[in-house]
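Enquirer: Listed below are the residues making up each chain.
Protein chains: 2
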Amino acid sequence: MSDGGQVTNPAPTIKRRGLMLVLSSPSGAGKTTISRALLEQDSNIFMSVSATTRPKRPGEVDGKDYIFVGEDEFQSMIDRGELLEHARVFGHMYGTPRAKVLDALNRGIDVLFDIDWQGTQQLGNDGSTEADLVTVFILPPNSKELENRLHRRARDPEEVVRHRMEKAADEMSHYREYSYIIINDDIDESVGEVQSILRAERLRRERQLGLHEFVQGLHDGA
Amino acid sequence: MSDGGQVTNPAPTIKRRGLMLVLSSPSGAGKTTISRALLEQDSNIFMSVSATTRPKRPGEVDGKDYIFVGEDEFQSMIDRGELLEHARVFGHMYGTPRAKVLDALNRGIDVLFDIDWQGTQQLGNDGSTEADLVTVFILPPNSKELENRLHRRARDPEEVVRHRMEKAADEMSHYREYSYIIINDDIDESVGEVQSILRAERLRRERQLGLHEFVQGLHDGA
Numbered sequence: 001m002s003d004g005g006q007v008t009n010p011a012p013t014i015k016r017r018g019l020m021l022v023l024s025s026p027s028g029a030g031k032t033t034i035s036r037a038l039l040e041q042d043s044n045i046f047m048s049v050s051a052t053t054r055p056k057r058p059g060e061v062d063g064k065d066y067i068f069v070g071e072d073e074f075q076s077m078i079d080r081g082e083l084l085e086h087a088r089v090f091g092h093m094y095g096t097p098r099a100k101v102l103d104a105l106n107r108g109i110d111v112l113f114d115i116d117w118q119g120t121q122q123l124g125n126d127g128s129t130e131a132d133l134v135t136v137f138i139l140p141p142n143s144k145e146l147e148n149r150l151h152r153r154a155r156d157p158e159e160v161v162r163h164r165m166e167k168a169a170d171e172m173s174h175y176r177e178y179s180y181i182i183i184n185d186d187i188d189e190s191v192g193e194v195q196s197i198l199r200a201e202r203l204r205r206e207r208q209l210g211l212h213e214f215v216q217g218l219h220d221g222a
Numbered sequence: 001m002s003d004g005g006q007v008t009n010p011a012p013t014i015k016r017r018g019l020m021l022v023l024s025s026p027s028g029a030g031k032t033t034i035s036r037a038l039l040e041q042d043s044n045i046f047m048s049v050s051a052t053t054r055p056k057r058p059g060e061v062d063g064k065d066y067i068f069v070g071e072d073e074f075q076s077m078i079d080r081g082e083l084l085e086h087a088r089v090f091g092h093m094y095g096t097p098r099a100k101v102l103d104a105l106n107r108g109i110d111v112l113f114d115i116d117w118q119g120t121q122q123l124g125n126d127g128s129t130e131a132d133l134v135t136v137f138i139l140p141p142n143s144k145e146l147e148n149r150l151h152r153r154a155r156d157p158e159e160v161v162r163h164r165m166e167k168a169a170d171e172m173s174h175y176r177e178y179s180y181i182i183i184n185d186d187i188d189e190s191v192g193e194v195q196s197i198l199r200a201e202r203l204r205r206e207r208q209l210g211l212h213e214f215v216q217g218l219h220d221g222a
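Residue numbers (the working numbering), protein chains in the order written: chain A, 1 to 222; chain B, 1 to 222.
It should be emphasised that the hints constitute simulated quantities derived from the structure, not laboratory data.
Each hint should be verified, as a subset may be incorrect.
What follows is a set of in silico ranges between Cβ atoms, one per label pair, in the way DEER data are often shown [stated by the list, open to error]:
id: 1; chain 1: B; residue 1: His219; chain 2: A; residue 2: Gly192; range: 51 to 59 Å
id: 2; chain 1: A; residue 1: Asn125; chain 2: B; residue 2: His212; range: 44 to 52 Å
id: 3; chain 1: A; residue 1: Lys167; chain 2: B; residue 2: His212; range: 27 to 35 Å
id: 4; chain 1: B; residue 1: Asp72; chain 2: A; residue 2: Asn125; range: 28 to 36 Å
id: 5; chain 1: B; residue 1: Val89; chain 2: A; residue 2: Gly63; range: 34 to 42 Å
id: 6; chain 1: A; residue 1: Val160; chain 2: B; residue 2: Val49; range: 55 to 63 Å
Taking lysine-lysine pairs in the DSBU-like style, the calculated list, with each CA pair at most 35 Å apart, reads [said to hold, decoys possible]:
id: 7; chain 1: A; residue 1: Lys56; chain 2: A; residue 2: Lys15
id: 8; chain 1: A; residue 1: Lys167; chain 2: B; residue 2: Lys64
id: 9; chain 1: B; residue 1: Lys56; chain 2: B; residue 2: Lys15
id: 10; chain 1: A; residue 1: Lys15; chain 2: B; residue 2: Lys167
id: 11; chain 1: B; residue 1: Lys64; chain 2: B; residue 2: Lys15
By construction, the Cβ of each residue, glycine as well, lies at the ideal position given by its N, Cα and C atoms.
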């Protein structure tokens with residue numbers, strides 16, 4: 001650009017390790033909407049697909065919404081150490097297959113997790129991924145709003161709603177175990193907040209793998 | 001809104017503790033431009049004004065650019081514990097007055113610091129502010145660019161430039177002590193990155209002081 005001289009040291013692309021972005025919240029706090037918006041607007045993150053023993057619901061696609069497996073197969077996955085975390089929720093097993101996540105992290109791709117506090121705790125205890133975790137807890141703006149949203153799914157039987165409210169209270173009691181807290185008062189604002197967290201966490205020194213060589217190059221050139 | 005019912009629990013404003021955003025970089029990496037843009041676009045952060053013993057330059061305003069003090073007065077500030085950090089750079093003393101910073105943090109206002117690695121280390125060692133620190137290191141995109149920028153200040157004598165380049169190399173060798181690393185290849189991109197870091201760090205659980213009561217309220221209402 002300047003001096004008509006040639007550019008001797010163009011800026012290299014710094015290799016980056018991917019991160020695991022965990023969004024947890026009580027059901028009805030808007031997490032699904034936020035996740036969807038995030039995935040639409042950011043091409044370097046994909047949603048981790050859980051394995052589950054719960055029956056497929058109408059419209060769900062195997063391998064996309066969930067990996068649907070039987071109890072025996074799920075137990076085998078646990079036994080072979082193929083799951084990063086697993087838990088029983090409402091009588092069904094849910095778990096995160098390990099291989100696809102680790103492969104993404106190594107290739108600098110981020111993975112989004114829509115899991116509860118139990119799953120988050122297990123991810124945090126797994127030595128292979130602990131440092132890759134970025135945990136976000138989403139809270140509803142007030143209890144009235146939470147209650148409204150839980151009732152809005154009209155097809156669910158009353159007992160399921162009650163279960164869900166108990167689970168919501170249980171889930172909320174674990175907010176302290178998360179690094180970032182978002183109060184979802186406005187959905188666009190909340191999406192922007194999650195995006196900022198993602199952008200910031202990508203800039204963390206430990207995730208930028210080629211920094212040592214890069215700074216070395218600056219020294220040598222200067 | 002819905003059901004014609006009254007809103008029983010409006011979303012409270014969560015009280016927040018301010019944070020200390022430290023930007024360090026070798027001279028010529030674009031830090032000043034980034035700081036200025038950040039301050040213009042965000043009304044909840046102000047620049048910490050350092051005390052210094054270096055002579056006032058033409059155009060500089062006492063109390064705005066620096067607090068200009070004599071050597072004796074500076075030493076008294078150290079002795080009275082009034083400085084969060086201080087260091088000698090190019091023969092002059094520089095330091096950060098403590099009271100104004102702590103007052104801002106307590107009122108939920110963020111403070112921007114344009115200090116070097118020595119000052120950053122001292123802030124990190126001060127028990128009263130360690131948890132409030134968010135440290136960002138800005139690197140130039142390549143050594144050619146760095147060199148150009150260091151020479152661009154034509155009024156500086158060659159010896160000062162040489163000093164500055166040595167200091168740049170010294171400063172860069174400390175990048176590992178920072179949490180976030182930004183490679184300033186594009187100024188708008190870099191400003192956006194600092195803004196994302198600021199927005200994300202404001203959402204950290206430990207900085208949102210009213211969360212316990214807020215979640216309690218959600219439980220009681222649900």
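Enquirer: Enumerate the violated hints, using their earlier numbering and listing them in ascending order.
Expert: 1, 2, 3, 4, 5, 7, 8 and 9
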